[in-house]
Amino acid sequence: MPTDLAPVVDAVRAHPPLVHCLMATVSMGIVADGLLAAGARPMMTETRAEAPTMDALADALLINLGTLSTDAMAGIPPTVDVARAAGRPWVLDPTAVGVAPVRARLARELVTRAPAVVRGNASEVVALAGSGAGGRGADAVHGVQDALGAARSLAQTHGCVVAVSGDVDLVTDGDRVVGVRAGHPLLTRVTGTGCLLGGLVAACCAVAPPFEAALAASAWLGAAGERAAAQASGPGSFRAALIDTLDTLTAADVAAVRCEEQ
Amino acid sequence: MPTDLAPVVDAVRAHPPLVHCLMATVSMGIVADGLLAAGARPMMTETRAEAPTMDALADALLINLGTLSTDAMAGIPPTVDVARAAGRPWVLDPTAVGVAPVRARLARELVTRAPAVVRGNASEVVALAGSGAGGRGADAVHGVQDALGAARSLAQTHGCVVAVSGDVDLVTDGDRVVGVRAGHPLLTRVTGTGCLLGGLVAACCAVAPPFEAALAASAWLGAAGERAAAQASGPGSFRAALIDTLDTLTAADVAAVRCEEQ
Amino acid sequence: MPTDLAPVVDAVRAHPPLVHCLMATVSMGIVADGLLAAGARPMMTETRAEAPTMDALADALLINLGTLSTDAMAGIPPTVDVARAAGRPWVLDPTAVGVAPVRARLARELVTRAPAVVRGNASEVVALAGSGAGGRGADAVHGVQDALGAARSLAQTHGCVVAVSGDVDLVTDGDRVVGVRAGHPLLTRVTGTGCLLGGLVAACCAVAPPFEAALAASAWLGAAGERAAAQASGPGSFRAALIDTLDTLTAADVAAVRCEEQ
Numbered sequence: 001m002p003t004d005l006a007p008v009v010d011a012v013r014a015h016p017p018l019v020h021c022l023m024a025t026v027s028m029g030i031v032a033d034g035l036l037a038a039g040a041r042p043m044m045t046e047t048r049a050e051a052p053t054m055d056a057l058a059d060a061l062l063i064n065l066g067t068l069s070t071d072a073m074a075g076i077p078p079t080v081d082v083a084r085a086a087g088r089p090w091v092l093d094p095t096a097v098g099v100a101p102v103r104a105r106l107a108r109e110l111v112t113r114a115p116a117v118v119r120g121n122a123s124e125v126v127a128l129a130g131s132g133a134g135g136r137g138a139d140a141v142h143g144v145q146d147a148l149g150a151a152r153s154l155a156q157t158h159g160c161v162v163a164v165s166g167d168v169d170l171v172t173d174g175d176r177v178v179g180v181r182a183g184h185p186l187l188t189r190v191t192g193t194g195c196l197l198g199g200l201v202a203a204c205c206a207v208a209p210p211f212e213a214a215l216a217a218s219a220w221l222g223a224a225g226e227r228a229a230a231q232a233s234g235p236g237s238f239r240a241a242l243i244d245t246l247d248t249l250t251a252a253d254v255a256a257v258r259c260e261e262q
Numbered sequence: 001m002p003t004d005l006a007p008v009v010d011a012v013r014a015h016p017p018l019v020h021c022l023m024a025t026v027s028m029g030i031v032a033d034g035l036l037a038a039g040a041r042p043m044m045t046e047t048r049a050e051a052p053t054m055d056a057l058a059d060a061l062l063i064n065l066g067t068l069s070t071d072a073m074a075g076i077p078p079t080v081d082v083a084r085a086a087g088r089p090w091v092l093d094p095t096a097v098g099v100a101p102v103r104a105r106l107a108r109e110l111v112t113r114a115p116a117v118v119r120g121n122a123s124e125v126v127a128l129a130g131s132g133a134g135g136r137g138a139d140a141v142h143g144v145q146d147a148l149g150a151a152r153s154l155a156q157t158h159g160c161v162v163a164v165s166g167d168v169d170l171v172t173d174g175d176r177v178v179g180v181r182a183g184h185p186l187l188t189r190v191t192g193t194g195c196l197l198g199g200l201v202a203a204c205c206a207v208a209p210p211f212e213a214a215l216a217a218s219a220w221l222g223a224a225g226e227r228a229a230a231q232a233s234g235p236g237s238f239r240a241a242l243i244d245t246l247d248t249l250t251a252a253d254v255a256a257v258r259c260e261e262q
Numbered sequence: 001m002p003t004d005l006a007p008v009v010d011a012v013r014a015h016p017p018l019v020h021c022l023m024a025t026v027s028m029g030i031v032a033d034g035l036l037a038a039g040a041r042p043m044m045t046e047t048r049a050e051a052p053t054m055d056a057l058a059d060a061l062l063i064n065l066g067t068l069s070t071d072a073m074a075g076i077p078p079t080v081d082v083a084r085a086a087g088r089p090w091v092l093d094p095t096a097v098g099v100a101p102v103r104a105r106l107a108r109e110l111v112t113r114a115p116a117v118v119r120g121n122a123s124e125v126v127a128l129a130g131s132g133a134g135g136r137g138a139d140a141v142h143g144v145q146d147a148l149g150a151a152r153s154l155a156q157t158h159g160c161v162v163a164v165s166g167d168v169d170l171v172t173d174g175d176r177v178v179g180v181r182a183g184h185p186l187l188t189r190v191t192g193t194g195c196l197l198g199g200l201v202a203a204c205c206a207v208a209p210p211f212e213a214a215l216a217a218s219a220w221l222g223a224a225g226e227r228a229a230a231q232a233s234g235p236g237s238f239r240a241a242l243i244d245t246l247d248t249l250t251a252a253d254v255a256a257v258r259c260e261e262q
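Protein chains in written order, with UniProt numbering: chain A, 1 to 262; chain U, 1 to 262; chain C, 1 to 262.
Just so you know, nobody snuck in bad clues.
Label-pair ranges, simulated between beta-carbon atoms:
1) C:Ala256 / U:Asp167: 49 to 57 Å
2) U:Arg181 / A:Arg108: 49 to 57 Å
3) U:Gln231 / A:Gly143: 39 to 47 Å
If you want a taste of the chain A side facing chain C, the calculated C-beta under 7 Å gives, among others:
4) Thr67
5) Val99
6) Ala100
7) Gly234
8) Pro235
9) Gly236
None of these hints come from the bench; they were simulated from the model.
Here the structure is a predicted model, which means the values were calculated and not measured.
Cβ coordinates follow ideal geometry from the N, Cα and C atoms, glycine included.
Make the full structure from the sequences, and use the hints.
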């Protein structure tokens, strides 16, 4: 039976959650603008000197390994500890985890600290589960269905929800698996849309349980991508239209996205 | 009697000032593009190794505490000293000053080094004046009129102009107070528009006294926001239209914004 | 006799090269989105801890001195060494080289490590060749024709191609000189279009010899700028249209740009 996602969207807009993001430098702009458009609020301080302290203001935390600056590398672990100690939900986006040992070690350590949701593409989920190296930079070389076993295993081992992005987004808690059928190929032609999905998952985690949060965020971005593509002349106008549409989509539009038990 | 702001806009366009910005990583793009659209030139080097040296090229300096990277934390104080020693105007944007002790200490130290203008939202101005903690991330929780006493006090103590952003922007030198009635709620739905206002204030400080500079920058961004909102379908298209409009607004358009002595 | 540039564009789109970019923070967004639009893939990790390792995934490398963070300063030399040892082409964009000794030393050292192409504005090329200081921030104060001697000299000394951006872009290998007549003044009103040209040169170097790569990238961005300007209301809408047009231009459109032996 499908989950009703409309209340998640309504809740984000009714009480805009402050989402603390430690993330890829290149994607900060689209994540911040996307969160604002959806109705949430971004905060992007990442240093060890300030990020743990400022996290106390936040309603949810996004850890995206992205470009992994020295500041982020130092700031991420203590900030996760602060969020966890306070019982705030946090989301792990293990960008490109399969392709460099520094981020692989960090991601494997972080996933043991009780993230609410792990969000990645198929290659990242496979690599984080330890069942394979892979990916090409931030791009997936595995299909989403190939990653389902790894996603279930990660979810069961760490007691978290795992969301795998692809043609169909899969969300699993280790038991249930739901596929979200929305999105558009132009989403892969703009930098940072995967990072933005992580941010939206975090925003939704501030107002809903992790499973519903991951579904709502996938449906929200996917539906926005479809509608934006219909207005766009290419990836530049699509980016602006995507931000517009995150704002203009109604909760009913998001709830109308096809979500199917697998 | 109202100040004529048209000559400030004309002067920026006649001799494009180079504005050195040490600022929030997330907002660099909109500030650089906004300055270019208005007719100024951005420069964004922030390290201790280079920022003080390269500041010699600049006509004005913006210090925005933003995400406050380790590079910026180290680079800001010596760069301010270089600008001050050379007699170049500099603008302090004490982003989120009320919410973390590292930036609070830095901001309180910097404000003693003779900024031409302090620009912030109501909560930032209240926190910097020491009359209250506050803000939620970079967002204000105080109203502009509540911050007027703090703004006057800061201006008198430090001999600077203070500009408080909000529904009505207030600009004071500690004696005069002028309200600028322009702007649109969509300005709060795009990341970095407050940072961009700081950049425009710095650009205008390169060609006009600080009080007129702060008024002109507030009127320019506010009028651009109003006109852009009329063309926009949401925050994404608004962002592009705002940059367009900073370029296409005439000096007379900016001068037509209602500015009232309080 | 003109070089046919269509095969270069076709090759980028047929086998999207992964371009590793160590570059100006402020321009990361436009370079990543521009590369994706053109058909290439960006990767932007810059730390010493990860950039050399992750460069093994890439097909080409862009080194842009841009804002030159402490991370980039440390990561650039070993990453160049890895690329060079593997025989991957790399492009040097010596941003603002004439205006600060730290970057001047770095650029003069890097140019001896066999870049495929050096891309800069006239002042940067003149400064790198040691024949003059100059530039104003990232802006040129020299004309392109003034820089031709410096460009030839750099190309001959270091066995690389040098591309000088300006009203007409000049590309030389020290012997041949070809001028590319394309572009639009709006390209100078958006942050990072020069950085994007460097990224496109790197993408084209992954699939073509450096001389043809530099010509194709200049023609591609120039033609996109012309077409985008025809659709734009100002620099904000131009930026989005430029990204659209990098995607929609055909190989034949790029090949139709006037390239003339000088």
